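Visitor: Read off the chains here:
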Amino acid sequence: EPEVTQTPSHQVTQMGQEVILRCVPISNHLYFYWYRQILGQKVEFLVSFYNNEISEKSEIFDDQFSVERPDGSNFTLKIRSTKLEDSAMYFCASMWTKGTDTQYFGPGTRLTVL
Amino acid sequence: LAKTTQPISMDSYEGQEVNITCSHNNIATNDYITWYQQFPSQGPRFIIQGYKTKVTNEVASLFIPADRKSSTLSLPRVSLSDTAVYYCLVGMDTGRRALTFGSGTRLQVQP
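The listed protein sequences derive, respectively, from chains A and G. Residues 1 to 114, numbered by this note's numbering, are exactly what the first sequence covers, in order. Residues 1 to 111, numbered by this note's numbering, are exactly what the second sequence covers, in order.
These are calculated hints, taken from the structure and not from any lab test. Hints are not guaranteed to be accurate.
[Stated by the list, open to error] Here are the simulated DSBU-like pairs of lysine-lysine, each with C-alpha atoms no more than 30 Å apart in a straight line: (1) A:Lys42 - G:Lys3; (2) G:Lys54 - A:Lys42; (3) A:Lys42 - G:Lys69.
Just so you know, these numbers come straight off a predicted model, no measurement behind them.
Just chain G, same shape as in the assembly (with noise of 0.2 Å):
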């Protein structure tokens, strides 16, 4: 799987928009990009997954640009219960393979 960095932490208020944002140089042709998040004691879930351009559902929309060597994990209007780990996984096949967790990003959000 590529490695994969992103900021160890972030900080945010209630009502924000927070981006995320994940560099991953050596990427694959065949590699999905996926993001799962994780409250404490819990375990992670699958929050999105892209493999080029933009990616929306109902909690978040991922972008990535034309070099696919980086994406943004995009949260709008984060609220007290959006406080997680979100980790950036990158690798083919990512679903039926070992997940390779790497330490996250850990955002905080305040009132």
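So here's chain A without its partners, still in its complex pose (with noise of 0.2 Å):
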């Protein structure tokens, strides 16, 4: 069964630095997106991505979050200065194409801001 891949597992950084997610979607899937859980806390939506702009976004995707699919194959988030708060499970999802279509969701990134 195809799945979405997520790299790396899990990403360790200084606060200030910048790191980017990757994600491979579904490989005939057209909607993609972004959530993050902080520990014990609720799945939370951060941005979608369709037709090579972002859809939607929350009110925590600010100028610190970019969202790129470079090659028509990987679907990357950066977090440009990361902050402590920013320490979270991010996971990325895609899906086939709208209606009552579901969303597939990859594994997983730890990150860890220090």
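Two chains, two frames, a set of hints: combine them into the complex.
Guide: Written out as structure tokens, the structure reads:
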């Protein structure tokens, strides 16, 4: 069964550093998402991406965040200057088409900001 | 998206049937009901989706009464591996739009 993959599984960084989290969505999917989950808290939506542009974003997704689909297969989330409060699990998700289709989540990247 | 209410936690034993009920009093006409499962340190996983009456797949059943103000996820004969958090989501076109997760129901299955 096809699945969403994410790398790395765990990223440790110093406060103020830039990080790039990578995702490979399921190959024929068209809609892409990033969510995050701070330890012990709810899964929170960050951004959705379709047709090479952001279609929706949350208040969390401020100017420190950016997304890109550089080569038609990878989908990346960049955090320009990490803060301690960015420490969380980051999940990528993808979906084939709109409607009542479902989003398929990756295993996540645990980001630890020191 | 419609507000949902579900129990914070439930306990069960292996082999039992587990029913988790979700209330969504302000569900709109076009809203679908979707359930996700999340294991620790993993991403949420789609379980089942329905609009009305009953839906069944290889994992679970979803019961939706006629007024659609609640729904019940039924897991037959649970095992230890069903220990997870279960989320009820209600909304129109829940695939395309951002998913809004609540706190979910933490199911603990014991031997």
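Visitor: Indicate, hint by hint, whether the structure satisfies it.
Guide: Now for the hints, and whether the structure bears them out:
At roughly 15 Å between alpha-carbon atoms, A:Lys42 and G:Lys3 fall within 30 Å of each other, so this suggested pair holds. About 28 Å separates the Cα atoms of G:Lys54 and A:Lys42, which keeps this hinted pair within 30 Å; it holds. With a C-alpha separation of about 23 Å, the suggested pair A:Lys42 and G:Lys69 falls inside the 30 Å cut-off, and the hint holds.
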